[in-house]
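Novice: Each protein sequence line maps, in turn, to chains G and E.
Quick note: the first sequence uses UniProt numbering, first residue 1, plus one each step.
Quick note: the second sequence uses UniProt numbering, first residue 1, plus one each step.
Since the hints were made in silico from the structure, they are not lab data.
Mixed in with the good hints, there may be bad ones.
[To be verified] Derived DSS-like pairs: lysine-lysine, alpha-carbon spacing no greater than 25 Å straight-line:
#, chain 1, residue 1, chain 2, residue 2
1, G, Lys98, G, Lys53
2, E, Lys80, E, Lys67
3, E, Lys67, E, Lys82
4, G, Lys53, E, Lys40
5, G, Lys49, E, Lys67
[As the list claims (entries may be wrong)] Listing some non-contacts, in silico: residues in chain E with all C-beta distances to chain G over 12 Å:
#, residue
6, Ala17
7, Ser37
8, Met51
9, Glu86
[To be verified] Computed list of chain G residues with no C-beta within reach of chain E, every gap over 12 Å:
#, residue
10, Leu37
11, Tyr85
12, Glu220
This one's a predicted model, so the numbers in the text were calculated from it and none came from an experiment.
Note that the Cβ used here is the ideal one computed from N, Cα and C, for glycine as well.
Residues per chain are reported as follows:
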Amino acid sequence: MAHPSQLGFQDAASPVMEELLHFHDHALMIVFLISTLVLYIIVAMVTTKLTNKFILDSQEIEIIWTLLPAIILILIALPSLRILYLMDEINDPHLTIKAMGHRWYWSYEYTDYEDLGFDSYMIPTQDLAPGQFRLLETDHRMVVPVESPIRILISAEDVLHSWAVPSLGVKMDAVPGRLNQTAFIASRPGVFYGQCSEICGANHSFMPIVVEAVPLEHFENWSSLMLEDA
Amino acid sequence: MESRRKSLDNTPCAREAILHGAGGSVAAGLLYFLATSRVKRSFDVGFAGFMVTTLGSWFYCRMNNAKLRVQQRLIQEGIKNKVAYEGTVMDPTKKGKAEAPSGPS
């Protein structure tokens with residue numbers, strides 16, 4: 001999860017997010033260098049004593065400041081397109097989960113084998129146990145097996161919501177009457193937090209998402225327990 | 001400030017690129033000044049040296065990093081497959097032996 005005064009991304013928990021982090025570092029370094037260059041040029045322009053009122057054109061500098069930005073844009077675009085297509089690759093999901101947005105909670109349905117469904121409400125601040133995170137914890141977590149491709153089908157029952165988990169590199173709008181699909185692989189076990197990312201009313205900030213990635217055996221035990229409790 | 005520094009430290013290759021850039025900048029600017037005694041132009045050359053060295057160091061380090069990541073993924077897949085398929089027909093270490101027919105009993 002995010003820590004106080006954090007500026008950068010959270011640690012990646014999926015291969016796609018790892019790629020996104022690397023691309024972000026690459027693009028940011030280019031942006032920093034361009035900004036430094038512009039700042040230096042501004043300072044040089046302001047402090048120079050050279051003036052020439054009769055310059056009409058200069059082929060050399062025109063070529064430089066056309067070619068250089070084109071090269072920089074290609075250097076940014078190629079990795080960007082690579083990741084874009086990587087994110088849309090067709091994988092063979094081991095599990096399909098439906099995430100439905102409501103006002104103001106999420107519900108999850110695991111209907112591949114048995115009919116397992118549950119709601120996931122935020123734990124109010126006054127009910128938090130020591131060590132739990134304010135505005136992030138839920139009563140029921142979405143448990144998934146680690147290292148397995150998971151397909152998430154996202155929709156909403158009432159208004160627009162958005163299902164987002166930053167450390168998995170996933171964000172998808174939940175639109176009433178529409179079924180959106182996304183996929184991820186949790187590459188390590190852990191608990192990953194997210195929050196609703198589309199304004200949906202008074203408690204928009206209070207309907208978090210918690211994904212818990214566990215080994216397959218634990219996932220099977222959890223799903224058996226949930227079915228017994230249902 | 002500390003979280004910004006942590007972000008820089010956590011970004012692979014960033015610290016090395018900036019340090020190499022600083023070194024390249026000082027070296028280029030100083031050498032040009034020693035050769036020509038032109039102060040302002042030496043700053044320009046120093047800055048150009050910073051840009052070139054930083055970019056060069058950055059891309060070189062990132063390329064090596066990317067190659068290492070690919071190797072790491074291949075190794076991880078190999079270990080996972082070995083553990084999952086050990087003793088079965090799909091065991092990659094048993095490919096040659098599995099095909100040899102057994103002799104008469």
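Novice: Okay, which hints does this one fail, numbers in order?
Specialist: 1, 5, 6, 8, 10
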